[in-house]
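Dock chain B against the given chain A, drawing on the hints supplied.
Same order as they appear, the protein sequences are chains A and B.
Read in order, the letters of the first sequence correspond to residues 1 to 209 in the numbering used here.
Read in order, the letters of the second sequence correspond to residues 1 to 209 in the numbering used here.
Honestly, I wouldn't trust all of these hints.
Because identical chains cannot be distinguished in the list, a pair is counted as satisfied if it fits within a single copy or across any two copies.
Said to hold, decoys possible - The calculated lysine-lysine pairs, modelled on DSS-like cross-linking and capped at a C-alpha distance of 25 Å, are:
| # | residue 1 | residue 2 |
| --- | --- | --- |
| 1 | K143 | K15 |
| 2 | K143 | K170 |
| 3 | K143 | K207 |
| 4 | K43 | K146 |
| 5 | K127 | K108 |
Quick caveat, the hints were computed from the structure, so don't treat them as lab data.
The structure presented is a predicted model; accordingly, all values stated were derived computationally and were not measured.
The primary structure of each chain is shown beneath.
2 protein chains.
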Amino acid sequence: MCPHALIPFKLVNPKTRLSCILNQEERESFARAMLEDVIRAVKDANCSPVIVSTELFDSEDIQVTVKDADLNQTLNSILPQSVGEIMIIMADLPLADAQSIRRVISTKNDIALVPGRGGGTNVIFIKEPQRYHVEYYGTSFLKHVKIAEDAGLSCEVIDSYRLHTDIDEKEDLAELLIHGTGKSRAYLEDLGFVLSVEKGRVGVGRKGA
Amino acid sequence: MCPHALIPFKLVNPKTRLSCILNQEERESFARAMLEDVIRAVKDANCSPVIVSTELFDSEDIQVTVKDADLNQTLNSILPQSVGEIMIIMADLPLADAQSIRRVISTKNDIALVPGRGGGTNVIFIKEPQRYHVEYYGTSFLKHVKIAEDAGLSCEVIDSYRLHTDIDEKEDLAELLIHGTGKSRAYLEDLGFVLSVEKGRVGVGRKGA
Chain A
1 MCPHALIPFK
11 LVNPKTRLSC
21 ILNQEERESF
31 ARAMLEDVIR
41 AVKDANCSPV
51 IVSTELFDSE
61 DIQVTVKDAD
71 LNQTLNSILP
81 QSVGEIMIIM
91 ADLPLADAQS
101 IRRVISTKND
111 IALVPGRGGG
121 TNVIFIKEPQ
131 RYHVEYYGTS
141 FLKHVKIAED
151 AGLSCEVIDS
161 YRLHTDIDEK
171 EDLAELLIHG
181 TGKSRAYLED
191 LGFVLSVEKG
201 RVGVGRKGA
Chain B
1 MCPHALIPFK
11 LVNPKTRLSC
21 ILNQEERESF
31 ARAMLEDVIR
41 AVKDANCSPV
51 IVSTELFDSE
61 DIQVTVKDAD
71 LNQTLNSILP
81 QSVGEIMIIM
91 ADLPLADAQS
101 IRRVISTKND
111 IALVPGRGGG
121 TNVIFIKEPQ
131 RYHVEYYGTS
141 FLKHVKIAED
151 AGLSCEVIDS
161 YRLHTDIDEK
171 EDLAELLIHG
181 TGKSRAYLED
191 LGFVLSVEKG
201 RVGVGRKGA
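Isolated chain A (complex conformation) (with noise of 0.2 Å):
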């Protein structure tokens, strides 16, 4: 058993929220590492990373190359003719490890479902990927959680902050200077971000910035 892990993924110009901290050259490179990162616990869980994005890139992972960037479509037209176990782990989880998509993998029932901070969804595993479809944006976790229901499979959700701390915003980089052992927290502190506490709350600033 070797479930495929699809990974949505932006080459260009990803992360803009990160603009009043990172260039665009930066968010790049920044997202390349947090890619690396989550194929790295992907295949540490001994699952098969799948990269779905809009362009080809350098990189020895099986990719999906699709021309339209609209996320639900692209993986809803995957699902259906997916055969086996298919699990759908966002790219800007680089907090992730082997033994939180373990829990994913390892569920009883016929859906796993991690909330991301915000209500989006960071990870979706369906144990028969035809019987399923994904709507992302918004409160896309309590959209899951309904589709699941409506098509009447047992849905499990599975509760780890590893999987739950998606990288969008300046405050969330200290999580990851906290928390991470991987390539984008090296990438991070390559920049000179460290963290910073003041008035008892902790943040990042970047040397020289």
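Chain B alone, transformed into the frame defined by chain A:
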């Protein structure tokens, strides 16, 4: 085996970072509702709640009333006198449930820690309280890992978003409206709080406000 769960609690003017959206009376009621949710989860996991507060208040649960409001001093005076296992759990974790707490207290290590968002420490479980001390504030999670190391105590980090999600700021209320099931969620709804989605981001709004 029925570990005591120390729950530090501030009765008067708590959660000041929610002042933008809740007045003092509402914040006090909300903090009390969150405390009750935590106590419910603690009891469901077969632990005995012990509320640690500067003021006595109406509750059927065991209370320790302390003169000194300093959290570290207070807890570090209690730990050496404790017999048996001790859990310290924050009162602002309304997503806590029996399952997540059971994962904490069933650790095979000497200590279990659950990090909070922003480097805090939301739960500490200590098998031999005489051998440990706490150091809250700032990036206390990293300090608590080091205190365990320095004392030669093995430490497990529990990967739980339910215990990771402390409610401090307005954006955190969305987590409670999405994932909460207890009294504090009901209290927010009674006040007219609803989820709102603007430009793809999920937040909260208050009807009539």
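Original post:
Of the hints stated earlier, which fail here?
Top reply: Hint check: 4 fails alone, others pass.
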